[in-house]
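Same order as they appear, the protein sequences are chains A and B.
Every letter in the first sequence is one number past the one before it in this note's numbering, and letter 102, counting from 1, is 91.
Every letter in the second sequence is one number past the one before it in this note's numbering, and letter 45, counting from 1, is 34.
Do not take every clue at face value.
Same chains, same names: a pair is fine if it fits in one copy or spans any two.
[Stated by the list, open to error] When the alpha-carbon atoms are kept at most 30 angstroms apart in a straight line, the in silico DSS-like pairs for lysine-lysine are as follows:
(1) Lys3 with Lys282
(2) Lys148 with Lys57
(3) Lys282 with Lys410
(4) Lys66 with Lys46
(5) Lys3 with Lys410
No lab work stands behind these hints: they were computed from the structure.
Listed below are the residues making up each chain.
Protein chains: 2
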Amino acid sequence: MDYRQNIDGCLADKIGARGLDRGALDAMLGRTAPALEKLRRLRDDGSLPLLRLPGRKDDIAQLRRVLKTFRAAPRQKFRDVIILGTGGSSLGGQTLYALADERAQPRLHFLDNIDPATFEALFAAIDPARTGVVAISKSGGTAETMTQFAICIDWLRGKLDPDAVGRHTIAVTEPRDNPLRLLAMRLQTPILDHDPGIGGRYSVLSNVGLLPAMLAGLDVAALRAGAGETLDAALGASDPHDSAPALGAALGVGLSEQRNIGTTVILPYVDRLAHFGLWFRQLWAESLGKDGKGTTPIRAMGTVDQHSQLQLYLAGPADKMFTLVTGEVAGTGPVVAPDLASDPSLAYLTGKHMGDLLDAEQRATEQSLIRNGRPTRRFHITRLDERTLGGLLMHFMLETIIAADLLGVNAFDQPAVEEGKVIARQYLGEMGREAAQ
Amino acid sequence: MDYRQNIDGCLADKIGARGLDRGALDAMLGRTAPALEKLRRLRDDGSLPLLRLPGRKDDIAQLRRVLKTFRAAPRQKFRDVIILGTGGSSLGGQTLYALADERAQPRLHFLDNIDPATFEALFAAIDPARTGVVAISKSGGTAETMTQFAICIDWLRGKLDPDAVGRHTIAVTEPRDNPLRLLAMRLQTPILDHDPGIGGRYSVLSNVGLLPAMLAGLDVAALRAGAGETLDAALGASDPHDSAPALGAALGVGLSEQRNIGTTVILPYVDRLAHFGLWFRQLWAESLGKDGKGTTPIRAMGTVDQHSQLQLYLAGPADKMFTLVTGEVAGTGPVVAPDLASDPSLAYLTGKHMGDLLDAEQRATEQSLIRNGRPTRRFHITRLDERTLGGLLMHFMLETIIAADLLGVNAFDQPAVEEGKVIARQYLGEMGREAAQ
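Build the full structure now, drawing on both the sequences and the hints.
Have a look at this one:
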C-alpha cells in the first residue's frame, strides 16, 4: 500500500489531555467489531454493491463501448466534455480527474452548479461540434441536472444536425423509467445504469466516477485494485486495531464523545487532492449529519491555509481533529538558485527544491498542531496514482460507514434535504402562475 | 447600495429558541458602541490606513505607471500573468478577479501554494516571453513566496534575455529592506509599497488587490466608491441598529455566547463569489481565532452544497449560523425548452430560466434552514459589480473588527502561526546538513 495512516498525534500519550486515552480508544475499537462483522457479511453475500465494485470488470467493458460514441467519427473526437450532475454525481469524478494530465484531450468541465453566468461563459469558449455532454443523476429527476441537461441539449441542437445530438450525449441513471432516462431514449442518447444500491456519495468507484476517469485516460483497473487491497486489509484484520478504517472511525467518534471535538478538518498538502477533500466532505457530512449527531467536515489545503486558518486551528477553540494528507515531495520540483536567495535571511532556502519546502511545511504544521495539543492524524502518501487513490477512497468510505454504526445513524440516507426540494418546486410553480396572470 | 442584509432569520421571533432574543440583540448592539466610536476616531485621525483607502487616488496613478512595464513593447503585451503570494496576498486579488471577463487577456494565474506538480503543469502551458510575474509579500520574507519567485525568475531567465527579467516582474512589499525588496532591486524589478499598517487579510482594497484587478480591466474607482459608501453608512449611523456591520457582529457574537453557535457558514449562491467566501474565511478565522475564542468559518456554495452539506446543516448538531449571499437571478440565463421537459414530473421546469431555478433554490434553502430553527442571515445582491463587491468587502472587514472588539481579541495580529514557521526553517536547515554529510 502506498499510503500509511499514523494516529499517534490523536492520543493522550502524545498530545496530553486533549487526546484520547489508550483505554478509551481500545473500548471504542471494541465497539467497531459489529460493524466490521456486518461489512464482512455484506461483502460475502454481495448485498452491499459498493463492496463488490473492486472485483467487477463487466461494467468497464460496457463503459468502453459507450464511450466509443464520443470517439466514433473523426469530427467526433471531442476536445471538451461537459459532465453534468451535482453532489455525489460529480465530486467523485472531479476527484479522479485531478490525476489526469492537464494537457490531455478531451478536457472535462464539471458543471455541478446552476449559475447562468458560468454556463454562458463556458458556451462562449467551446465548440458544440467538438463537445460531448454527460448527464449523471441517480434518480433521473434532480432539478438542477435536468435543467442543465435541457439547456446543454438546446445549445448543441442550435449548432448541430438534430440527429447528431444523441451521439454527443451520454446519460447515467437508474434502470427504471425516470425523466432523464425517458428524455435520453427520445434523443437516442446512450444510457448507462446507475446501480440503484449505490448512493451518489459512495459511487466514485462505479461507472459514475469511472466514466470521467476513462475519458481522462486513467487506469481504472488500478483504481479498483487499490480499493480492493484496502477493503481486504480492513476486513481481513482479526483485531480491529489492525483495521485502518476502524481505527479512524474509533478516533473520530471517540474524540467527539469524550473530548468535545465537533469539527474534523481534512488538510491535504497535495494540490491534486483538493477535490478529494471536497468528496470526503460530502461523504462525512451527509452520512453522519442526522439525529443531531455527526461532526462537521472542513476541507483545508496546505500550505495555503497555514496563512488563513492555522491561527484559528492552533489558538481558537479546541474543538477540532485534523487529518493531514502529506506527500513524498522532498527532493522534487525546481530548485531555488543560490544567486536568487543570496540574502542571508534566505540561506535556509538556497539550493532547496520546492518540494523540500513543502515537505518541511507539512511536517512543521503537524508538529505545531501536536505541540498545541490538537488531535492530529496523518496519512502519508509515498506515490499518488490511481492505485493509491483507490485505496484512500475505499478507506474513507469504510471509515464513514463504521463511524455511522458507532453513532447509531444510517450511513446511506439523507432525509433532511427533501423538504428544501419540495419548497423549491413550489416556488417555481408560483413563478409559473405569476407569469401566466 | 446594491446589496441588503436581512437578519430576521437569526432572531427568536422567527426561528424559535435557537434564535437570539430581541433583548439580547439590543444588549449586544449596545456593546458595539465603543468599537463604532473607536472606528470613527481612527477614520477621522487617519491612524487606521484601511479606513483611508476608499478616498485614495494617488496609489491608483502609481499602479497605472508600474503596470505600463507589462504592456510596454508589442512583444510585452502579456497573455498570462502569474500572481505569487499566499493568504492575504492572494485571496483579495482572487476575489476581485472573479468579476473579470474570462476571455480577457492577460489571464491571471494565482499561485498561492507550493506544490511542484502545479508549477510544472503551468510552466508547460504558457510562454515565458508573453508572461509577467507579480510577487506579493508584506514582510518580503515569506518562505513560500520567495521560493515561488526564485523559481519563476529562473524559469523566465532560462528563456529570456537576462536583462528582460526586470520588465517581466513586479514586486509588492513593505517600504523597508527585506529579501524580496533587495532581490527586486537587483533584478531591476519595479516595486510597489505594501502599506505597513495594512495586514494581508485587510489589503484587498489596497494596491495588493488593485494590481490584479487593474490587470483584469476592472473599475477600481467603483470598487473603492462602494467600499466608501458602506463605510460611511456603517459609521454614520447614530444608532448601532442602523449600522449593518455592527448588527452582523452583534449577531455572530451573541449567537456564539448565548446559543453555543461555534461555526459560521457563508453560503453564496453566485459562482463569482466563491473566492469571496474564501477571502472571508481567512478574515474571520485569523482575526478572531485566538485566546481560545472565535467561531470557525466555513465556505459552502449554493446550490451544489445542498447536495453535500445541507443534510448536516439541517439535521446535524445545531451549532451553526448561516449567511446566505443570494443574487437577483430570476428571469436570467437560458430557458428549459418545453419539448425537453415534456415528462409530467418536469412540468415545473418547463419554460423556466436557469436563473429561475437558482432563485427558487436559494429561497427554498433559506426557508428550509429557518423552518428547522437554524439561525440564517441573508445578503441579497441586486447587481454584482465592482461597487457592490467593494461594499461587501468593507462590510465584512468592519463586521470582523467589531466582532473582535466584542470578543476582546486583537483583530490585526496572528501570533500563533510563528511557531510553525520556525519549525519549518529548522527542518529545512536539517535537510541542508543531512545533504552535506
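**Request:** Please work out whether the CA atoms of lysine 3 and lysine 282 approach to 30 angstroms or closer within one copy, between two copies, in both situations, or in neither?
**Result:** both (28 angstroms within a copy, 24 angstroms between copies)
**Prompt:** Under a CA distance limit of 30 angstroms, which applies to lysine 3 and lysine 410: within one copy, between copies, both, or neither?
**Reply:** Between. Shortest inter-copy distance 22 angstroms satisfies the 30 angstroms Cα cut-off; intra-copy 47 angstroms does not.
**Asked** Between the shortest in-copy and the shortest cross-copy C-alpha distance, which are at most 30 angstroms for lysine 148 and lysine 57: within, between, both, or neither?
**Response** Answer is within; shortest intra-copy Cα gap is 22 angstroms, inter-copy 41 angstroms.
**Homo-oligomer pair classification [lysine 410, lysine 282; C-alpha up to 30 angstroms]** = within (22 angstroms within a copy, 36 angstroms between copies)
**Request:** Tell me, please, which holds for lysine 66 and lysine 46 at an alpha-carbon limit of 30 angstroms: within, between, both or neither?
**Result:** within (25 angstroms within a copy, 52 angstroms between copies)
Taken one by one, the earlier hints all hold for this structure without exception.
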